[in-house]
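Here are the chains, one letter per residue:
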Amino acid sequence: MKTCIIIIVLLYTKLKIKKMLLRKKKGQMQMMETIGVLFIFFILVVFGMIFYFKYQQISFQEKQEELVATRAMDSTLIALFLPELQCSRSGAEAEDNCIDISKLEGLNSVMSKYSNEYYFNIFSYSRIYVEMVYPTNYNWVVYDHEKTKINDAGDEVPDWEFKEPTFFVVTLRDEMNFFGDLTGHDSTYGFGYLVVEVYS
Amino acid sequence: MKFKFKISKKAQAEMIGLVIIVVLISLGMLFMAQFAINDKPEKKIFTRKGLAYSTMSSIMKTEVACYQGGPDPETLSIGKELIDDCAKNWHGATSEFSCAESYAAYNAGEEKHSCEFMQDVVLLMLNETLGVWNKDYQFRTVFVTGETGDVVVEVDNGGCATAKERDSSGLFPIYVKDAGLVENTLYLCD
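Line order of the protein sequences matches chains A and V.
For what it's worth, my numbering labels the leading residue of the first sequence as 1, then goes sequentially.
For what it's worth, my numbering labels the leading residue of the second sequence as 1, then goes sequentially.
There's no promise every hint is true.
[Claimed, not checked] Across the chosen pairs, the derived CB separations fall in these ranges:
(1) V:190 with A:56: 26 to 34 Å
(2) V:102 with A:117: 29 to 37 Å
(3) A:43 with V:157: 45 to 53 Å
(4) V:175 with A:90: 43 to 51 Å
I should point out that these hints are in silico values taken from the structure, not numbers from a laboratory.
Here the structure is a predicted model, which is why all the values come from computation and not from measurement.
For every residue, glycine included, the Cβ atom is placed at its ideal position computed from N, Cα and C.
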């Protein structure tokens, strides 16, 4: 009888242990599943963060480029309507998209005198030049103020990341026979373009 | 039966989760696509339109040297004398102005009809500006007859005629006495 009871107890204990082991295994499985889900979730979060920061970085850079482009556009419009360059005749309205070559020729001395103060406040760090295409190739530098710095070796080096050029086609009016001296024939209106390069 | 119902409910819940994830990803994609498509179009259009207009107005004002009959060239304005002559004589083999680009070309007998001469000069100007800046363009001078028109001068570097994103300088109409109306347009695209 005693032996029978012991056997029954043993069998019961074995069954219970088996049940417990099974439950433990199920719990382990669930735990693994939870860990897996959390792992994937965190990977997704990390990817999201990387993507977000990368996007922010690019968007910041784009914003900066956009600002430079806007400044280039503004500078171009100012340069196009600059009385020091625009074609005019006494009290008459100034001509659109036209640069007077006699003014352009005389601007050098004015620029060298006021380039650091008056014109710097208008154009800041930029380079403005006029290229003639017809009747012949020729160019004039109107304003040149490159952003530079002194490096460790004591040399002056460029200190800008972007350079945004803006082009505008213009007519070049010559009433001083400048074309005649260059090409041998007189014409009043030549063809060229104005370039404004803005440094940032 | 109860067990089966439980499984079905769990599967439904997982399906809803999956759908939510798909919807979120789709929304993200749409958001990104919107940013990618709207790539500062306003500024581009403004610059292109302004450039097209300034180029056209400058071409019309420019004066060119026409060598015909000697070493001293005649100065012709593209928007006045040259277009006038071209509009009057575009259907004929000869024109009033038969121009050569240089005295050497004149000596070599390379005088051209005013329409052809204008086409070459405009091509040179556009190539040295818009062409150098990698922009596609199409310049057209159309002699308006009734509802349709005849193209008398065309300069096209390809790609602009069928381009979706293009801007025009606007019509530059010129009335030519004893001939009719001539419309000049420059199309510009990136």
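Against the structure, the hints:
Look at residue 190 of chain V against residue 56 of chain A: about 28 Å separates their beta carbons, and that is inside 26 to 34 Å. Distance hint check: the CB atoms of residue 102 of chain V and residue 117 of chain A are about 46 Å apart, inconsistent with the given range 29 to 37 Å. At about 51 Å, the CB distance of residue 43 of chain A to residue 157 of chain V agrees with the hint of 45 to 53 Å. At about 29 Å, the CB distance of residue 175 of chain V to residue 90 of chain A disagrees with the hint of 43 to 51 Å.
Figure legend: structure checked against the earlier numbered hints; hints not met, in rising order: 2 and 4.
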